[in-house]
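Residue numbers (our numbering), protein chains in the order written: chain A, 5 to 291; chain B, 714 to 1110.
Check the hints yourself; a few may be wrong.
Partial list, computed: chain B residues near chain A (C-beta under 8 Å) [what the hints assert, rightly or not]: (1) L925; (2) R951; (3) D973; (4) R975; (5) T1078.
Distance windows between CB atoms, simulated [said to hold, decoys possible]: (6) C78(A) x D912(B): 31 to 37 Å; (7) A158(A) x E1006(B): 54 to 60 Å; (8) D912(B) x P283(A): 21 to 27 Å; (9) D1085(B) x F272(A): 37 to 43 Å; (10) P95(A) x S847(B): 45 to 51 Å; (11) F97(A) x R770(B): 21 to 27 Å; (12) R85(A) x E761(B): 27 to 33 Å; (13) L242(A) x A933(B): 35 to 41 Å; (14) D912(B) x A158(A): 43 to 49 Å; (15) L61(A) x E761(B): 53 to 59 Å; (16) N89(A) x E761(B): 43 to 49 Å; (17) K1014(B) x L82(A): 38 to 44 Å; (18) V262(A) x P1076(B): 36 to 42 Å; (19) Q802(B) x V164(A): 52 to 58 Å.
Worth flagging that the hints you see were computed from the coordinates, not collected in a lab.
Beta carbons are placed, not taken as given, at the ideal position from N, Cα and C, and that holds for glycine.
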Amino acid sequence: MALLLQILVNGVLLGGLYALMALGLALVWGVLNIVNLAHGAFIMLGAYVSFYLFTLLQVDPFAALPLCMLSLFCFGYLLQRHVLNLIVRAPMFNTLLLTFGLDVVLMYLAQIVFSADFRVVNPSYAGANFSVAGATIPLVRAVAFAVALTLTLAVWLVLVHTRLGRAVRACAQNLVAARLYGVEPRTVYALTFGLGAALAGAAGDLYGVVSQISPYIGDALTAKSFAISIIGGLENPLGVVIGGLFLGILESLTSLYVGPTYTDVASFGVLVLVLILRPKGLLGRAA
Amino acid sequence: MKRLLYSMIAAFALATPALAEQTITLGASVQETGRLANTGRYYRDSYEFAVQKINERGGVKVGSEHYRLALKILDNQSDTNLSVRQYTQLLTQDKVNFLLGPFASDFALADSSVAEKYEVPMIEGGGASDQIFSRGYQYIFGTLPIASKYFESTVEVLAKLDPAPKTVALLYADDAFDVAVAKGTREQLQAGGFKITQDERYSSNTSDFSSLISQIKASASDVVLVAGHETEVLNFIRQSKSLDYSPKLYAFTVGVPTADFRGALGHDANFAFGMTSWLPSASLKDDYFSNAEVFAADYKKQYGYDPDYHAASAVADVEAFVKAIEAAGTLEPKKVREAIAKVDFESLYGRIQFNATGQINLPQTVIQVQNDSVVPIYGQKGFLAKPRYPMPAWDRR
């Protein structure tokens, strides 16, 4: 029983990080209709920003969070404005090709600039933990979980309650009507993409504290974020949180009851099931 | 004026044959980029370094003629399929004479089939899985220790510790090499009378070990043996710490000997056991590099990082070709293949002599990180230093 509790705790904490990773991808996908295959590469860049801030300037990774987000926001904003905007009206296939190319370019540039060595952001408290009801909770993961939930909530509040958020949702729902009401889609798109990249930066910052950074971590993270976005649905950030938690718990339980070699089988198997049974995601309204 | 021009042309024409010396080209496809680039660089740099040194020492003597060594390296981007295509290209288009290997067992497993098909010998120092050598192939030779024996010396150490550990958890990644390691280790553990409490195969691209660690923690095993890749080993140790788990001993197939590993973990690297088939000792004499210690220093000077056993093994591959070609007295692949099977020489990596299946017999030295540096613990002749055992809990370090 204690083991099961521990496994569930592990799953929930893992799921929080997953949710944050997927949030940016789902946002960009939902609003711009771009599946950003370079999303994992953005997470990787965020992780390197945090790594260099930590090793060169001794900035604590949690204090570096706003900086990681800001730098990735600028990167994403400029990228959308000057590169992706060229194909925003093109068929989905073109956007896939472009972001795939971007992913490859970023990955190899990262290897040239940062080398293929494994990097670790290892603050003195990285291994700290505390116990609740017999379950060991790693401090860093717990904080990362809290940060992930806070950011998700913030994104949700922005989308629902601010003028910008309404403009973003309007563009996603009906572009013509949004334009008639004076929304400038170019700006909205660039801001949304920037926000997506900023969330990837935040995820990268936290990822560096719990795992290793190398130029090649991106692809696996893109795949995972993709699965979570599908499972959770694109309509609402809370769906992504549910998707992330669901996947985290599912993987932990699979590891316990079936075997750790089958975690990917389980998560992508569920992806296929969701696509068949609830194509709009677990929280999505049926079409 | 015209006469001068003619004489210059004539002089140039006479000079060229000396420039265009005859060459023997060794071809390889290695991981210069992609997820394995971190280890792939040892092979690229060592092949290059060995070729450079051998040419400085006069190249290769084939019969009465002198040849220079040349190298053709392609980047397989850590992609097995691309690697197979590149080895085919090396033989069919680039017409290289002989093949050096890639890094990692899955690559060597696939690529050795190309060597076998075209009947051109390949000597590889990057793949240790028994599977590579159990298919009756004639043209593949390997200079890493046999995968199934990786943990053999570690299991010997386990039996000699006080208080003796009884229960062992065995974790391994689901690729050709680590599955082979686990198969051999399982048999050695059973023969040694240990109880295997956990025998878990995990997915190679996993980065989350928290559930697995929780399970081992619950089973309270004395010893944890992990056969995986460096990034997984780093994750395992960091997540063990954050879940407050420390067994009496843990040992890993890879990572521990590298500087990268200690750099990433800092003090948390302490107490980890590992293994290496090579230590840069002055007692390992070499015809081209004088000895292993000199080699390690020169390598560091030229490439800016410390060599490990991957690098030494790669150098031995190039040297084995030189010795075999000189012994055969011809570049004919079949004859050179016969000569490789018969080589027996001392190198900076150790004694190179291939057995019937094409592997060499090289025992692993057990090492442990103590006070932030790697200490050899147990070799062929017994204990070399006192192991730190049992490992203290994380909060008592």
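Enumerate the violated hints, using their earlier numbering and listing them in ascending order.
-> 4, 5, 6, 8, 11, 12, 15
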